[in-house]
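If you're matching them up, the sequences are chains G and L in order. Position 107, counted from 1, in the first sequence is what the numbering used here calls 107; the numbers after and before it change by one each time, with no gaps. Position 477, counted from 1, in the second sequence is what the numbering used here calls 477; the numbers after and before it change by one each time, with no gaps.
FYI, nobody ran anything at the bench for these hints, they're computed from the structure. Hints may contain errors.
[Claimed, not checked] If you want the footprint, here are the derived chain G segments under chain L, 3+ residues with CB under 8 Å: (1) 52–59; (2) 64–75; (3) 127–138.
[Stated by the list, open to error] If you anchor each label on the Cβ, the simulated ranges turn out as follows: (4) G:GLU278 / L:PRO432: 27 to 35 Å; (5) L:ASP311 / G:SER168: 30 to 38 Å; (6) L:ASP342 / G:THR120: 55 to 63 Å; (7) G:ILE387 / L:LEU187: 51 to 59 Å; (8) G:ASN71 / L:LEU420: 31 to 39 Å; (9) L:ASP418 / G:GLY27: 54 to 62 Å; (10) L:PRO432 / G:GLN247: 55 to 63 Å; (11) G:ASN71 / L:LYS452: 31 to 39 Å; (12) L:ALA509 / G:GLU367: 48 to 56 Å; (13) G:SER373 / L:THR373: 56 to 64 Å.
Bear in mind that the values here come from a model prediction, so they are computed numbers and not experimental data. Backbone N, C-alpha and C define an ideal beta-carbon position, used for all residues, glycine too.
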Amino acid sequence: MRISTLTMFDQSVSSLHRQQSAFLKVGQQIASGRRVLNPSDDPQAASLALGVSQSLAMTQQYMDARVSARNSLSQEESILNSISGAIASAKTLVVQAANGTLSDADRSSVATELRGILETVLGQANATDGNGRYLFGGYQDSSPPFERNASGAVYHGDTNNRELRIDSSRLMGVADNGVEIFQSVHSSAGYVARADTDNAGSVTFIGPSVIDAGDPDYGNNFEITFAVDGGGNISYSIDGGPDTTYQPGQPITFGGLSLSLEGVPADGDSIAVGPAGEMDPDLFATLQNIIDVLESPAQTASDKARLRNTLNTSMRELDNSLDNVLTVRASVGAKLNELDAVDGVGSNRILNYRQTLSDLVDLDLVEALSEYSLRQVGLQAAQKTFIGLSDLSLFKLI
Amino acid sequence: MSMFSIGLSGLNTAQIALNTTSNNISNVYTPGYNRELAIVEQKNHGGVGVIAVQRQFDYFIASQLNGSTSTLAALDSYYSQVSQIDNLLADQEVGLAPLMQKFFASLQALAATPSDPAARQGVIGAANTLTAQFRSFDSYLRDMQDGINGQIGAEVAQINNRLEQLAELNREIVVAAASQGEAPNSLLDMRDQIVAELSEHLDVRVSIQDGLTYNIALNNGQPLVTGTRAFSLEAMASTADPSRLVVGYNDGAGNRVELNDKVIKGGGLGGLLQFRSETLDKVQNSIGLMAVSLAVGFNDQHQLGIDLNGDFGEPFFAIGSPKVFSATGNAGTAVISAAYDDIAGLTGADYDIRVVDAATGELAITRRDSGETFTGTLDGSGQLAFAGVELTVDDPALLADGDSFQLQPTRLAAAEMDNLIHDTGKIAAAGPGGASGDNRNALALQDLQNAKLVGGRASLNQSYASLVGDVGIRTNIVGVNRAAQAGFTAQLQVAQQSLSGVNLDEEAANLIRYQRYYQANAKTIEVASILLDTILGLRA
Numbered sequence: 001m002r003i004s005t006l007t008m009f010d011q012s013v014s015s016l017h018r019q020q021s022a023f024l025k026v027g028q029q030i031a032s033g034r035r036v037l038n039p040s041d042d043p044q045a046a047s048l049a050l051g052v053s054q055s056l057a058m059t060q061q062y063m064d065a066r067v068s069a070r071n072s073l074s075q076e077e078s079i080l081n082s083i084s085g086a087i088a089s090a091k092t093l094v095v096q097a098a099n100g101t102l103s104d105a106d107r108s109s110v111a112t113e114l115r116g117i118l119e120t121v122l123g124q125a126n127a128t129d130g131n132g133r134y135l136f137g138g139y140q141d142s143s144p145p146f147e148r149n150a151s152g153a154v155y156h157g158d159t160n161n162r163e164l165r166i167d168s169s170r171l172m173g174v175a176d177n178g179v180e181i182f183q184s185v186h187s188s189a190g191y192v193a194r195a196d197t198d199n200a201g202s203v204t205f206i207g208p209s210v211i212d213a214g215d216p217d218y219g220n221n222f223e224i225t226f227a228v229d230g231g232g233n234i235s236y237s238i239d240g241g242p243d244t245t246y247q248p249g250q251p252i253t254f255g256g257l258s259l260s261l262e263g264v265p266a267d268g269d270s271i272a273v274g275p276a277g278e279m280d281p282d283l284f285a286t287l288q289n290i291i292d293v294l295e296s297p298a299q300t301a302s303d304k305a306r307l308r309n310t311l312n313t314s315m316r317e318l319d320n321s322l323d324n325v326l327t328v329r330a331s332v333g334a335k336l337n338e339l340d341a342v343d344g345v346g347s348n349r350i351l352n353y354r355q356t357l358s359d360l361v362d363l364d365l366v367e368a369l370s371e372y373s374l375r376q377v378g379l380q381a382a383q384k385t386f387i388g389l390s391d392l393s394l395f396k397l398i
Numbered sequence: 001m002s003m004f005s006i007g008l009s010g011l012n013t014a015q016i017a018l019n020t021t022s023n024n025i026s027n028v029y030t031p032g033y034n035r036e037l038a039i040v041e042q043k044n045h046g047g048v049g050v051i052a053v054q055r056q057f058d059y060f061i062a063s064q065l066n067g068s069t070s071t072l073a074a075l076d077s078y079y080s081q082v083s084q085i086d087n088l089l090a091d092q093e094v095g096l097a098p099l100m101q102k103f104f105a106s107l108q109a110l111a112a113t114p115s116d117p118a119a120r121q122g123v124i125g126a127a128n129t130l131t132a133q134f135r136s137f138d139s140y141l142r143d144m145q146d147g148i149n150g151q152i153g154a155e156v157a158q159i160n161n162r163l164e165q166l167a168e169l170n171r172e173i174v175v176a177a178a179s180q181g182e183a184p185n186s187l188l189d190m191r192d193q194i195v196a197e198l199s200e201h202l203d204v205r206v207s208i209q210d211g212l213t214y215n216i217a218l219n220n221g222q223p224l225v226t227g228t229r230a231f232s233l234e235a236m237a238s239t240a241d242p243s244r245l246v247v248g249y250n251d252g253a254g255n256r257v258e259l260n261d262k263v264i265k266g267g268g269l270g271g272l273l274q275f276r277s278e279t280l281d282k283v284q285n286s287i288g289l290m291a292v293s294l295a296v297g298f299n300d301q302h303q304l305g306i307d308l309n310g311d312f313g314e315p316f317f318a319i320g321s322p323k324v325f326s327a328t329g330n331a332g333t334a335v336i337s338a339a340y341d342d343i344a345g346l347t348g349a350d351y352d353i354r355v356v357d358a359a360t361g362e363l364a365i366t367r368r369d370s371g372e373t374f375t376g377t378l379d380g381s382g383q384l385a386f387a388g389v390e391l392t393v394d395d396p397a398l399l400a401d402g403d404s405f406q407l408q409p410t411r412l413a414a415a416e417m418d419n420l421i422h423d424t425g426k427i428a429a430a431g432p433g434g435a436s437g438d439n440r441n442a443l444a445l446q447d448l449q450n451a452k453l454v455g456g457r458a459s460l461n462q463s464y465a466s467l468v469g470d471v472g473i474r475t476n477i478v479g480v481n482r483a484a485q486a487g488f489t490a491q492l493q494v495a496q497q498s499l500s501g502v503n504l505d506e507e508a509a510n511l512i513r514y515q516r517y518y519q520a521n522a523k524t525i526e527v528a529s530i531l532l533d534t535i536l537g538l539r540a
């Protein structure tokens, strides 16, 4: 076949072009470490890689969420620890104050210690995170949730709990609000009895204790009201029911409960009995009640009855409060464990996604380097061919 | 016939052959040059003569090569355009995907610390970057549209230029043939070269009239050159969308007709038009669709939340609106505007709207990419909703039968995408009634990352991944076709060159051959002269 001179040069040059661009491509791949530089290099892999990188980014996002969840929960856990310690100390002090041999002055000094505990707990309740946001106010995180007042503290927060998406299908509460921590009792908390603060008599109570949880009225609230008639006969009625003669030292029973009463009530004195959750549980009010009663002189029989009754009620309330704080702390601990577990899964997933991503778009360096040498040889061969070809001319010989 | 005459005819022939050879050598690299051959013939009464210096040209091979060149030029121009999008989408660091991921990660940080000003600023910063990237994608693609408009103008100018040259060469060739019996090879070479060059811009049909004149026509038969007359093409604003240039045809009667893009096939011009309608419009629409889906979907959720001032959230993103163009030839003067309706209905396609019955407000609507057609009727307030868009006719009484409009729901939407929230307090992270620590709406916004926002079918990332896949596949296919076509064209070039190309070794041999031939004929004359001297010497 007749070959034109132009064809010979054109073909050599286009072979040089081909070899050069293949050489350059491998060079680019090696420099970037990626097999897929442009979507067109492997459209399917490029498109899949976007999906995987989104999954990777989201997994990382959830991991960040877990870091911040862990921060909040760890902080809450340590605060709950110190609060439970404070309640335990308060309980010891109450036991100490219940000792009948203490003088007013002794009690007053116990009250001072309790005041310190109350302030400590209040400080913890108003704790903030590193950004100055209040931890226990629900969504109200810009102002202190608890404010000190004469009856303990008033709550300004709400009953919401902030949640974070710590995994694709898991929203986790990362805070507990003040109501849940300081104004709640565990659902298993029993009954609490509370003598009216205006009681003028010296009636005191022990209990209540549960004797028949199957009683149809069990679980209700009760009000025991005493009446003294003109003849000095003392009777009591429950929730406005029939009058029954009062006999000191004799336990009275109602709604599956038993309450032992001592002392002499005055006309109109009353004792409220109800499930702990419905008796306005409030750690700050409990502590304040104890302080108030310890700081009042206990000279008269009625004063002493008030002291005993208040300490009695408060002890139960402190127990309930401690149980509650420990329960919340346990749930926080469980969440921290869950975070660890999800973290483990998440790190695995991240590794898998990275591997998949790398399989999709990254370069097999060994293969690429051998390709690189091959292309280099090819290019050199094309160059040599060109030189040889351009040297071949009959004109050189004539 | 004397030896002198015979020798002389040989000398003349050798001279012409040497000239032909030197012409071949000197034109070895001249584009469009066809190798020439001196055709010699024995004279009746002895001696030799050159009957023609023939150019070695095969019209069949040449037109095959032109067709192939045309296809290759189209693929070349398509490829060089689509690679630009391929490169745009290749960016791993600042492509849309990582920026969307960063934006949603900033929402996660907001959910973790909803009242933290730094987290809020993070959201605003990520939103600024993301919207800027949407705008930058849009402006890149719009620059490409502008570039294509410019290139269409340049291609059309090149084509017109060559059409005029062809008409002129037709004239010169006819005149030369009339005066000299046949046309000079150089003119014929030049004309074939211009047809070859024309093929690089546009695929044309060539027919030969009287064996002498080339008539050129478009693929649909519309004439471009008939004899000595050239018609011209023109880059004109489309009647349906004045922002884009299309090719117009000036017929002899002074009328300008807009040519359908499909009529222009092959060549750089055909490749450009095909790329624009097949890929560029679609990519622009897809980016716009993602921008609208993100902006409207996000705004809807943001407006359900409560900001730090206790107010409901304001729209977070600004976004463009659907564009409706009235065709330039409309008899009516009604103006149609459009707004986004239910974004789950958006398709990313463009629509042609034609007024079927102006009195009842009946419209025929054609989806441009699939050709699907349906009818709709304007309601009492001159409105009609379809495909995620609500049309509003300013005054239905001004519509006329047959008026047409083009709706581009998302083409230009990304251009106006912007972040409207610059005050950290105005991010609505809280749910209704919530306070500063409330992150319910932040969580809901974060959940949009996986929500089927785009056309109700795909998440933003899925939609982007499918766009990247589409462009990648398109680029890949065009690249493969282009390589195959280049190989095919190269083979045809070899065949064409095999006949018409100059081989220097061959010419070197010819040079020697004709030199010897010349010397031999000179020797003939010398011998004749000696013979004559011998005869004359007898007398003496």
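So, going through the hints one by one against the coordinates:
Taking a C-beta to C-beta cut-off of 8 Å, the segment 52–59 of chain G contributes 4 residues in contact with chain L, enough for the three needed, and the coverage statement holds. For the segment 64–75 of chain G, the assignment as covered by chain L holds, since 4 residues bring a beta-carbon within under 8 Å of that chain's beta-carbons and 3 suffice. Only when three residues or more bring their CB closer than 8 Å to a CB of chain L does the claim for the segment 127–138 of chain G stand; here the count is 5, and the claim holds. The beta-carbon spacing between GLU278 (chain G) and PRO432 (chain L), approximately 30 Å, falls within the hinted interval of 27 to 35 Å.
The hinted window of 30 to 38 Å between ASP311 (chain L) and SER168 (chain G) holds, with their beta carbons roughly 32 Å apart. Taking 55 to 63 Å as the suggested C-beta distance range, the pair ASP342 (chain L) and THR120 (chain G) conforms, at roughly 58 Å. Restraint check, ILE387 (chain G) to LEU187 (chain L): a C-beta distance of roughly 39 Å breaks the suggested window 51 to 59 Å. Between ASN71 (chain G) and LEU420 (chain L) the beta carbon distance is about 32 Å. The supplied range of 31 to 39 Å therefore holds.
Checking the proposed 54 to 62 Å range against ASP418 (chain L) and GLY27 (chain G) shows it is violated: the Cβ atoms sit about 41 Å from each other. In this structure the hint that PRO432 (chain L) and GLN247 (chain G) lie 55 to 63 Å apart at CB holds, the actual value being about 58 Å. Here the CB-CB span from ASN71 (chain G) to LYS452 (chain L) is close to 33 Å, well matched to the stated 31 to 39 Å. Take ALA509 (chain L) and GLU367 (chain G): their Cβ atoms lie about 50 Å apart, and the range 48 to 56 Å holds.
Separation of SER373 (chain G) from THR373 (chain L) is about 59 Å and conforms to the stated range, judged on CB atoms against 56 to 64 Å.
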